[in-house]
Amino acid sequence: MKFGVVTFPGSNCDYDAYAAVRHILKGEVAFLWHKSEDLKGCDIIILPGGFSYGDYLRAGAIARFSPIMNRVVKFARSGGMVMGICNGFQVLTESGLLPGALIRNSHLRFSCKYVYLRVENNATCYTNTFQPGEIIKIPIAHGEGNYYNFEGDIDKLEETGRVVFRYVDNCGKVTREANPNGSINNIAGIINEEGNVLGMMPHPERAVEEILGSTDGLKVFESIRTACSSMVKTMGER
Amino acid sequence: MTNKKSKKAVVYVRLKDGVLDPQGTTIQKALVQMGYKDFLAVRSGRFFELEIDAGSSDIDRKINEVCSKLLANPVIEKFEVEKKQ
Chain B
1 MKFGVVTFPG SNCDYDAYAA VRHILKGEVA FLWHKSEDLK GCDIIILPGG FSYGDYLRAG
61 AIARFSPIMN RVVKFARSGG MVMGICNGFQ VLTESGLLPG ALIRNSHLRF SCKYVYLRVE
121 NNATCYTNTF QPGEIIKIPI AHGEGNYYNF EGDIDKLEET GRVVFRYVDN CGKVTREANP
181 NGSINNIAGI INEEGNVLGM MPHPERAVEE ILGSTDGLKV FESIRTACSS MVKTMGER
Chain C
1 MTNKKSKKAV VYVRLKDGVL DPQGTTIQKA LVQMGYKDFL AVRSGRFFEL EIDAGSSDID
61 RKINEVCSKL LANPVIEKFE VEKKQ
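Just so you know, the protein sequences line up as chains B and C, in that order. Its first residue numbered 1, the first sequence is counted upward by one per residue in the numbering used here. Its first residue numbered 1, the second sequence is counted upward by one per residue in the numbering used here.
FYI, nobody ran anything at the bench for these hints, they're computed from the structure. The beta carbon of each residue, even a glycine, is placed where N, CA and C say it ideally should be. Mixed in with the good hints there might be a few duds.
Under 8 Å between C-beta atoms, here's a sample of chain B residues computed to sit facing chain C [unchecked claim]:
no. : residue
1   : Lys35
2   : Gly100
3   : Ala101
If we strip away everything but chain B, and leave its shape as in the complex, we get:
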């Protein structure tokens, strides 16, 4: 299986994602250029963090119209796996692949620190190697990560297990203090209805080695690999 990492002008976590897959996971990975429409046969596309197009207009608003995104949207709509991290999450909401919007942090500051997350759903392609309710430590680095959606839509996400990660304290409690940006219900990551598109504000690719302070993020990449290999296996059995 092969990972693809998109580079937009202004992406700055593309190399981190690439390195996490190539050097830590020891997987196959390719960079995908924003002007290209070639997904190079990748099985999972990562939209990385950064400030695509300088965050002009709204974070992710312009990246959404880049040539590679035409292909990524089609790929996602036909069931392909797409994960958006931080700015990538913003691109996914702007492009309509995920519901809601990411607005200014409620305190207006850029926040760069380790946070605790609770894995709310471990039955996804991105979380299958986590324990249910596992508390993990992964860093955030954003100014616009305040997840917003209308009440009815939030209820729908909650009821269908589509809130995948939630900000919690180190004991796993959902508190106001543990919420770094004002997100509704402490939402840190969500998945689409079909289960193939995930968006999360925290950076799993920055938590893949002890020297970085945590290896919890690596499990996201391991889960993707597990999901992809079981998909290939099922296809082979047919």
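Following the hints, position chain C against chain B.
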């Protein structure tokens, strides 16, 4: 600037009612701190000036299209268009 004959439209984009506006809230707090206690709430937004080819057809539809596709995010924002001669 183009040499072509043009007309203008101004697009105002603002957050929908009920959507949290941390910037507006902070500005309002600053005003109160400055002594301007009369300003009870501030909502922030932005505007765009569009210069449009005077000969273009179906322009209302096109303006609406660019507003909902790019200038505003319909999930959280609404827009108004003011056409000028």
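Going down the list of hints, with the structure as the test:
no.	hint	in the structure
1	Lys35	19 Å, violated
2	Gly100	7 Å, holds
3	Ala101	5 Å, holds
Going down the numbered hints, you'll see the structure goes against just number 1.
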